[in-house]
Every structure is written in C-alpha cells, then in structure tokens.
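Asker: Line order of the protein sequences matches chains A and B.
In terms of the working numbering, the first sequence opens at residue 312 and continues consecutively.
In terms of the working numbering, the second sequence opens at residue 312 and continues consecutively.
Keep in mind that the hints were calculated from the coordinates and are not lab data.
Beta carbons: idealized from backbone N, C-alpha and C, even for Gly.
Check the hints yourself; a few may be wrong.
[To be verified] Ranges between beta-carbon positions, derived for each pair:
id: 1; chain 1: B; residue 1: 384; chain 2: A; residue 2: 342; range: 21 to 29 Å
id: 2; chain 1: B; residue 1: 397; chain 2: A; residue 2: 688; range: 21 to 29 Å
id: 3; chain 1: B; residue 1: 675; chain 2: A; residue 2: 322; range: 28 to 36 Å
id: 4; chain 1: A; residue 1: 527; chain 2: B; residue 2: 384; range: 39 to 47 Å
There are 2 protein chains.
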Amino acid sequence: MTATLETLFAARVREVTPPLFGAAGEPARPLISLAYGLADPALFPRAELMAAAAEVLAYEAADSLNYAMSYPGLTDQIVARLRAEGVDAQPEQVLVGYGSGQILALLPEIFVDPGDTVIIEGPSFLGAVRRFVQSGARLVTIPVDEYGMDVTALADTLRALAAEGRRPKFIYTIPTFHNPTGVTLTLERRRQLVALAAEYGAPVVEDDAYLDLRFTGESLPSLAALDQEGWVIRVGTYSKILAPGLRIGWVHARREIIDRLLMVKAEGTTGPFITRVVARYSADGRLEQHIAALRRHYATKCEVMAAAIRRHFPAEARFVMPAGGFFIWVRLPEGVSAGTLLNAARARGAEFLPGTACFAEPGHGDDAIRLAFSFQSSERIEQGIAAIGAAFADV
Amino acid sequence: MTATLETLFAARVREVTPPLFGAAGEPARPLISLAYGLADPALFPRAELMAAAAEVLAYEAADSLNYAMSYPGLTDQIVARLRAEGVDAQPEQVLVGYGSGQILALLPEIFVDPGDTVIIEGPSFLGAVRRFVQSGARLVTIPVDEYGMDVTALADTLRALAAEGRRPKFIYTIPTFHNPTGVTLTLERRRQLVALAAEYGAPVVEDDAYLDLRFTGESLPSLAALDQEGWVIRVGTYSKILAPGLRIGWVHARREIIDRLLMVKAEGTTGPFITRVVARYSADGRLEQHIAALRRHYATKCEVMAAAIRRHFPAEARFVMPAGGFFIWVRLPEGVSAGTLLNAARARGAEFLPGTACFAEPGHGDDAIRLAFSFQSSERIEQGIAAIGAAFADV
Chain A
312 MTATLETLFA ARVREVTPPL FGAAGEPARP LISLAYGLAD PALFPRAELM AAAAEVLAYE
372 AADSLNYAMS YPGLTDQIVA RLRAEGVDAQ PEQVLVGYGS GQILALLPEI FVDPGDTVII
432 EGPSFLGAVR RFVQSGARLV TIPVDEYGMD VTALADTLRA LAAEGRRPKF IYTIPTFHNP
492 TGVTLTLERR RQLVALAAEY GAPVVEDDAY LDLRFTGESL PSLAALDQEG WVIRVGTYSK
552 ILAPGLRIGW VHARREIIDR LLMVKAEGTT GPFITRVVAR YSADGRLEQH IAALRRHYAT
612 KCEVMAAAIR RHFPAEARFV MPAGGFFIWV RLPEGVSAGT LLNAARARGA EFLPGTACFA
672 EPGHGDDAIR LAFSFQSSER IEQGIAAIGA AFADV
Chain B
312 MTATLETLFA ARVREVTPPL FGAAGEPARP LISLAYGLAD PALFPRAELM AAAAEVLAYE
372 AADSLNYAMS YPGLTDQIVA RLRAEGVDAQ PEQVLVGYGS GQILALLPEI FVDPGDTVII
432 EGPSFLGAVR RFVQSGARLV TIPVDEYGMD VTALADTLRA LAAEGRRPKF IYTIPTFHNP
492 TGVTLTLERR RQLVALAAEY GAPVVEDDAY LDLRFTGESL PSLAALDQEG WVIRVGTYSK
552 ILAPGLRIGW VHARREIIDR LLMVKAEGTT GPFITRVVAR YSADGRLEQH IAALRRHYAT
612 KCEVMAAAIR RHFPAEARFV MPAGGFFIWV RLPEGVSAGT LLNAARARGA EFLPGTACFA
672 EPGHGDDAIR LAFSFQSSER IEQGIAAIGA AFADV
C-alpha cells in the first residue's frame with residue numbers, strides 16, 4: 312500500500328472509542344444478570360404487534376414501504392400523550408428517532424463544541440453521558456439524593472459557572488424513577504430546576520424514559536409541563552412501555568432545536584414502516600392498556616426484589632424503595648466494595664451493575680450497586696438476590 | 312426570556328440547512344411525477360414480508376424486541392452476496408445502517424474536516440453530495456460520459472491535487488446504472504479507477520444501489536471485487552431490491568472505517584427487529600427470486616419509457632438506453648432549458664427532475680433531465696412522457 316488510511320480520518324474520529332450502545336444488552340448467559348435494564352420479554356405484546364404489522368402491510372404498504380417521511384400519525388399520538396400530561400405540545404416540536412439513545416447522542420452534536428460545559432447528575436446513565444464526552448464536553452456533576460438532583464448544589468454551580476463566564480450547554484437529568492437510583496425529583500425541586508434553567512438560559516434535557524411506569528403514589532408534572540419558557544428538552548421512548556427492539560424514541564423541544572437535530576440525524580426522519588407499526592399498535596387505547604399491565608407487573612417484581620434484599624442482604628445495606636421504573640439502588644455496608652462484591656457474586660452465579668459504572672468520574676460509586684428487576688422473572692430475581700446476598704459473606 | 316437559545320448551538324449547526332432526505336419522496340399528487348426514484352409499490356412483497364414479521368415475532372421475540380445488536384444473520388447474508396460477486400468480504404467489515412443514505416451521510420463525518428477535498432461525479436446523487444458539503448468538504452467534480460466517470464480526467468485531477476499537496480478524502484461514484492445518467496462504468500475504467508485509488512491513497516466510495524437491477528448484458532465486477540488493497544468502500548441497500556421504507560442499507564469497508572462509522576452512528580447498531588425481518592424475508596433464496604422478478608418488471612418499464620420518449624420527444628432529444636437501474640437521462644435539444652420545460656410539463660400534468668438538481672455547482676445541467684421509470688405504472692409512464700413531449704411545443 313502506497314499510503315496509509317489513518318491520516319485521512321477527520322479529527323473527531325482519529326482515535327477509536329469503543330461502541331456505546333448494544334453490547335450492554337448481552338448478559339453473560341450462565342449468570343442471573345440483574346445488571347441491565349432490559350425489558351421483560353414475558354410482556355412483549357407479540358400477537359398485537361403481529362396484527363399491527365399485518366395491518367400496515369395490508370392497508371398502508373404503498374406509504375410504509377416506499378421512500379417516505381416518518382409517519383405523522385405517530386407524532387400526533389406523542390403530542391396527544393404530552394398534552395394529556397399538561398405539556399403545550401405541537402407536532403412540529405416533536406422529532407421521532409431510533410430510540411431515545413439516538414436523541415441523547417444527537418443533542419451534544421448540536422450543542423457542544425469542544426470545551427463546552429454540560430451538567431450531569433451523579434450517578435447517571437453513562438450511555439448518554441459518554442456521548443457528551445465524545446463531543447468534547449467538560450462535565451460538571453451534581454449529586455443526587457433521595458429527592459432527586461440536589462437543586463441547591465445546581466444553583467451554586469450555575470452561579471459559579473456564570474461568574475467564570477461559562478454558560479452550560481445543557482443540564483441532563485432523569486427526574487422520574489432515576490437511572491440508576493430509582494428516586495424521583497420532588498415537585499418543589501422540579502419548580503426550582505425549571506426556574507434555574509430560565510434564569511441562566513440553560514436548557515434542561517429531561518430524560519423521562521421511565522415516567523409511565525409508576526407503581527405507587529401520585530404522578531408529578533414533568534419538567535416540560537412546568538416549563539413556560541421553552542428551556543426543557545423532553546426526551547421519551549417506547550422502549551420501556553412497548554419494546555426496545557423496535558427502536559423508537561422521541562424528543563419534544565423548541566422548533567430551533569428540532570430543526571438542528573434533523574440536520575445531524577444522518578438518515579433523515581425515522582422509517583415509515585416501523586413508525587406506522589408502532590402507531591397502529593398504540594391506537595385505540597391499546598398502548599395505555601398495555602402500560603397499565605406493565606405497571607402492575609413491574610411493581611410486583613420490584614416488591615419481590617425489595618423483599619429478597621431485606622431477606623438476603625446484610626441489614627446495613629440500605630435502599631430507597633422506588634415508586635416506579637426498573638431499578639433498585641443499594642448502598643453497601645461500610646467497607647464493602649461493589650467491585651469486590653461483583654466478583655464474589657459472579658462466582659455464585661449472579662451479577663449486578665457496580666455503582667462505579669454510573670459515575671463519569673473515577674473514584675465514585677464503589678459503595679453502591681444497581682439492581683434491575685425489569686428483565687428477570689420473580690423466581691430468578693429471588694435466586695439472584697440470594698446469590699448476591701451470600702456473596703457478602705465472601706468479601 | 313433572559314437569554315437566547317441561539318448562542319448555545321455548536322458551530323456546525325449554527326446555521327440551519329434544509330433537511331436532506333425525505334421530502335423528495337412526496338411527489339405532488341395531481342401530477343404524473345417521473346421525478347423521483349421511488350420503488351414500484353406493485354412489487355412490494357407484502358404477503359412474504361407479513362410472514363417474515365410474523366415469524367420473527369413468533370420465534371425470535373425475545374431477541375428481536377429487547378435491547379440487542381443488529382441481527383448478525385443479516386450481516387452474514389450480505390457477506391454471502393458480496394462473496395458471490397467476488398468480494399473477499401468478512402462480517403466484521405460490514406455495518407448495517409438505516410438505509411444507504413445514512414451510510415453516505417456518516418462517511419463525511421469520519422473523513423472530512425472543514426476544507427478537505429472530496430471528489431464527486433457530475434452529475435451525481437445530490438442527496439449524498441449535500442452531506443459532504445455540510446461536513447465542510449471542498450468538492451471537485453469529474454465529468455461522466457456514456458462510459459461512466461471520465462477516469463482520465465480523474466487521473467489529471469488527482470495529479471494536480473497531489474502537486475498542491477492535497478489528498479482527497481474520498482472519491483464518490485455510482486459506477487453501475489448511475490444516478491442520474493443510467494450509464495455503467497466500463498471494465499477498463501473500473502480497473503483504472505481502482506488503480507488510481509491505490510496509487511493516490513484515495514478511498515473510493517462505491518454506491519452500488521442499482522447493481523442488482525440489470526436488464527441486459529453481462530454483469531461487471533464491482534469496484535470492491537477488483538480492489539486488492541482495501542481502498543474501496545462499498546455501499547449497498549435493500550431499498551431498490553426489497554423496500555425503501557424498511558430503511559436498511561449497509562457498507563463493506565476496512566475494519567478501521569467500520570469502527571469509526573460506529574462511533575458516529577448515534578444510535579449504535581441498527582434495530583434487532585427490522586434487521587431480523589429483512590433477514591427472514593431474504594432467506595432460502597427468496598430475495599434472489601424477487602430480484603429476478605424486479606429485473607423483468609423494471610426492464611419492461613424502461614422499454615416502455617424509452618419507446619414513449621422516441622414517440623413523443625423531439626428527435627434531437629438524445630439518451631443512452633440504460634442496461635439497468637431506475638432512470639433515463641435525456642439531453643434536451645439545443646436551446647431548450649430544463650427549468651423552462653419543467654414549468655411547461657407541470658402545466659400539462661407531468662414532472663421530471665431537471666439536470667440542474669444533479670450538479671453540485673450552479674450553472675450545470677439545464678440541458679438535461681432525469682426521468683424515473685421505477686415508480687409509475689407503464690400506463691402512467693406513457694401518459695407522463697406524452698405530456699412532457701407536448702410541453703416541448705410550449706417552450
């Protein structure tokens with residue numbers, strides 16, 4: 312070869328970074344994995360999806376199989392759901408993407424030039440955070456307590472950044488049934504967060520993947536519903552309420568943001584076939600009925616896991632019982648390392664996500680673990696928690 | 312609002328550019344549009360796709376509906392098809408994307424820093440070329456004649472660029488049944504092009520969307536099949552041989568390129584559900600049988616259009632009869648402007664793509680038009696060509 316390929320690559324990809332999505336979805340088979348927030352396959356509405364696909368192919372083949380835009384009817388359904396929760400949503404403010412992961416990866420592309428500041432929660436969903444880093448963002452982490460993001464700490468940080476002349480490009484938060492901690496931001500903090508966003512002109516990226524999966528208590532307004540000035544970028548997904556493998560998520564934001572997301576969304580709008588299948592499935596109240604079933608089902612599995620933790624873990628292990636979502640976050644007893652416990656748990660046939668995998672900065676999270684009750688059956692949850700509980704004696 | 316949003320956007324999206332894909336797929340309804348290369352809906356294998364979707368949901372729901380990677384079995388099918396045409400393909404050198412349009416939009420993201428040189432054909436497929444421009448590429452255009460890209464002009468250009476110390480990031484070509492001209496690069500020119508790529512260390516992006524749709528003559532080896540040194544990046548799609556709305560395309564290239572494409576592919580690998588549906592449909596020789604039917608069908612429509620052009624257009628309008636693909640490119644008689652003719656044709660109820668829409672630089676292509684025989688029925692093709700033929704008298 313007379314010339315090398317390497318010198319041809321653009322600056323942003325000269326160094327190869329490992330892939331960010333996908334591999335996490337493959338738990339090692341022999342283990343009972345409580346590590347990942349996979350959906351429960353027992354609840355996939357296979358027959359109804361089959362019917363939806365058949366109807367699309369029977370009645371909408373010309374529009375769904377040819378070159379065409381994303382199906383506007385799906386956007387209308389998303390708008391209707393947003394309006395039902397109090398957001399003054401408009402169709403032209405919604406963009407459908409291939410999963411909310413795609414939306415979360417495109418947002419830094421439109422906001423971040425190298426060196427820009429992005430505010431995240433600690434702990435958080437690193438699948439999204441790693442994309443912010445890849446775009447060159449400087450991260451600032453705000454702690455999360457049992458009431459959600461520490462908004463007082465956020466106010467201090469915003470003030471300090473402003474004093475340095477730094478305006479964050481956005482604040483990334485998972486306010487409802489937070490990943491990984493399961494906690495929910497209180498109403499008072501929600502109001503404070505939205506007010507801070509407006510005061511500092513800092514968009515809030517509200518990742519509400521778990522919002523619909525409430526087991527107990529009253530719904531709180533989303534940040535988007537509280538926002539009067541358009542600073543909230545609301546990201547949602549069908550992955551938790553229908554099926555991740557269909558790869559459908561969405562974003563609601565100001566039109567200027569939607570226009571720019573479409574510029575960096577390499578493939579244009581999301582496929583006409585898959586968006587029609589999801590819309591057909593979801594019509595006539597079917598999605599809402601399915602969500603009601605999911606809430607009952609996941610609530611039961613959450614209770615099974617919590618009871619198993621109380622039974623098998625040392626009394627010093629503490630957790631906040633989540634009111635919804637996919638995860639229980641357990642603070643380990645003093646002196647127990649999540650990494651060490653993970654090795655012992657794997658030797659006993661179970662695994663979890665160590666807290667270190669939820670912090671962008673090294674040196675945090677070794678005192679906590681994330682346990683997903685979403686994927687495994689109640690029987691396997693019980694067995695997995697028992698195995699992890701036994702592992703405490705090994706470390 | 313205390314602060315504006317606009318100053319927050321990253322440099323690359325500060326100015327909004329219009330969306331690049333999608334809108335073209337919506338011909339104005341009352342017209343007979345011969346403008347766009349849509350697939351013929353009469354040939355969508357609806358029942359077989361329905362069966363494939365039902366089988367995936369019946370037998371592979373757990374793997375296709377949850378978080379998972381793109382289906383490896385589809386990659387294996389792509390590799391098998393590439394090997395059958397003589398490419399030494401490996402699965403780890405293939406990436407499946409949401410249409411070849413996505414792949415063509417991601418390639419500049421991994422190769423182009425602002426000011427870099429990209430070589431294109433004139434005329435070409437502007438849907439791809441506009442993405443190169445958006446990444447900041449300086450375009451250099453090589454003319455296309457009835458034997459495909461003018462490889463002698465390319466050699467001169469590469470030499471001149473090298474003298475200036477400029478190495479092109481890639482050369483974009485549609486060698487087989489070219490969009491828009493329908494011509495096919497000769498075997499001799501193919502060999503020359505591959506040799507030039509190796510000599511100058513310039514990757515060739517081979518967009519072979521139409522390769523399988525040959526009506527007459529013998530197949531020629533793809534550039535990828537001739538390439539011994541890994542300079543050819545072969546891009547393919549299921550849009551022309553199955554259905555565009557499924558949004559499945561792919562790329563075969565050196566592993567270093569695949570790794571970087573995955574870095575900029577925001578959503579990770581392509582959805583497990585849709586990739587399994589396409590693989591199930593395509594299995595057991597079904598795709599090859601379908602392609603055989605498509606070849607006969609599109610060949611007939613091409614002949615219908617060619618005969619109609621001979622009957623209705625002025626004798627001075629000239630075209631090269633394509634041996635495959637979706638398009639006939641007609642050179643207009645001296646003094647007839649494509650733009651003027653388009654207005655007259657629309658007034659008579661038909662439309663085409665003016666040649667100007669196929670050149671990146673202004674001032675080219677007003678002497679030619681692209682006519683797509685792919686979408687309309689033979690009857691409508693005849694009516695549309697008659698209407699455009701009548702419009703010549705109006706200009």
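Asker: Indicate, hint by hint, whether the structure satisfies it.
Answerer: We went through each hint and held it up to the structure:
The supplied range of 21 to 29 Å is met by residue 384 (chain B) and residue 342 (chain A), whose beta-carbon atoms lie about 25 Å from each other. As the Cβ distance of residue 397 (chain B) to residue 688 (chain A) is approximately 49 Å, the hint placing it in 21 to 29 Å is violated. Judged by the Cβ atoms, the range 28 to 36 Å given for residue 675 (chain B) and residue 322 (chain A) holds: they are separated by roughly 32 Å. The hinted window of 39 to 47 Å between residue 527 (chain A) and residue 384 (chain B) holds, with their beta carbons roughly 42 Å apart.
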